[in-house]
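Starting from the known structure of chain S, arrange chain H on it as the hints suggest.
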Amino acid sequence: MREFEFTRATSLDGAAEQFASGGEAAFIAGGHTLLPAMKSRLRMPDRLIDITGIPGLDRIERDGDRLWIGATARHATVADDATVKSAIPSLAKLALLIGDPQVRNRGTLGGSITNNDPAADYPAACLALDATIETTGGRYQADDFFLGMFTTALADGEIVTRVGFRLPQAGAYAKFRHPASRYAMVAVYVARFVDGWRVAVTGAAPAVFRWTGAEAALAAGQPTDGLLLDPSELNSDIHASAEYRAHLCTVMLAKAVAELV
Amino acid sequence: MRIRINGDTHEVDVDVRTSLLDLLREHLGLTGSKKGCDHGQCGACTVLINGRRINSCLTLAVMHDDDEIVTIEGLGSPAALHPLQAAFVRHDGFQCGYCTPGQICSAVGMLDEVAKGWPSLVSEPGTDAVALTDEEIRERMSGNLCRCSAYPNIVDAIRDVAGAGA
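Heads up: the protein sequence lines correspond to chains S and H, in order. Take the first sequence: its position 203, counted from the start at 1, is 203 in the numbering used here, and no numbers get skipped. Numbers in the numbering used here are just positions in the second sequence, counted from 1, shifted up by 1000.
Just chain S, same shape as in the assembly (with noise of 0.2 angstroms):
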């Protein structure tokens, strides 16, 4: 690690100001992104600001018909909560999915959606949950937030406090995990709405991405067994090539709706 400034926000004004106070800086949560790729020199910063003493960050609640929760909290929270899992039980068993125990006591939501990493869980429940996301720049549509690969519409210095899950009327997500990793190989979380069906796909291509095909055929009340995504749009690596990740997206497809609840 190169060397760095470590400073302490206690409210999001005083992130603010620490990281406009020149050079390159970081926010830091859980921060189990951010570090390895500081061993490994991708990530630099002359600034560290740990931004888990903010008061608030971390709360949960439900506001009509949204489920808020906040960019601090750690996924293994998420996962027992009793309000996350009385408003919206799919969302608390993705937390669960998440890497592995020691991981979800220390990694959060706002870290996990702002480094939009392809193969993450929670972008694909902020697609499939039509989500707002909150920051202390204004308000994002999850469908305006995730550009490609590791890249958000954040501006720099932008922070999120919390995430606004919309309440579906039934949803699902199904993920065949990398048996090592733990990462998705292909999850697809499928959300009903009184409106309209909602599905979103992560792991298979460079970034999330909603399979509107899918939410038609479920709107039309048509099967999804015949559906398959285009591989040349989708990821080969030495996991996986794009066929076989096309055809599990297919399969995900089908786990996540029998399960919906």
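Certain hints may be false.
Covered by chain S, per the in silico footprint, the following chain H stretches (three or more residues, Cβ under 8 angstroms) [as the list claims (entries may be wrong)]:
(1) 1021-1034
(2) 1037-1049
(3) 1084-1098
Simulated DEER-style distance windows between Cβ atoms [to be verified]:
(4) G137(S) x A1131(H): 42 to 52 angstroms
(5) G137(S) x V1014(H): 47 to 57 angstroms
(6) D144(S) x H1039(H): 27 to 37 angstroms
(7) H1039(H) x S86(S): 18 to 28 angstroms
(8) E259(S) x E1011(H): 24 to 34 angstroms
(9) D1092(H) x D65(S): 18 to 28 angstroms
(10) C1148(H) x H178(S): 21 to 31 angstroms
Don't read these hints as lab results, they were simulated from the structure. Just so it is clear, the structure is predicted and the values come from calculations on it, not from any experiment. Using N, Cα and C, we set each Cβ at its ideal position, and we do this for glycine too.
Chain H alone, transformed into the frame defined by chain S:
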């Protein structure tokens, strides 16, 4: 900075880059916690922070000056083994032993999570009491790798202690 480890307060002067694991091993001589991958994948560095198990390689020491940290050295001693340490010996829950401190710290944290009713992918939804089946133990210990593959005996050791209500 001041840091609380195994009930003792230490005054240390460290570079902010120091991971909690490096602080333990290189600065305080607590070499029980092991450095396997240094990237949060293997679990050999697992310690308990305020009772919760985490990978000490993936956190900065300076982020923990208010926390209570427990390492393998704080769980038991050669003269008075922690029940899980004794069970690992009894069941031969290791071969080379490198992952063992992490396995044991993780198992301590895991049994506490079970006692609190934390869910896992294996437990039946809606059930409060978790039945600690072998499948449940494997899922809940998935953050700790053992390259010698002593897994069957590790599961035996943990089941033994869990069954004794420890």
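Discussion item. Checking each numbered hint in turn, tell me which of them this model violates, lowest number first.
Written reply: 1, 3, 5, 7, 8, 9
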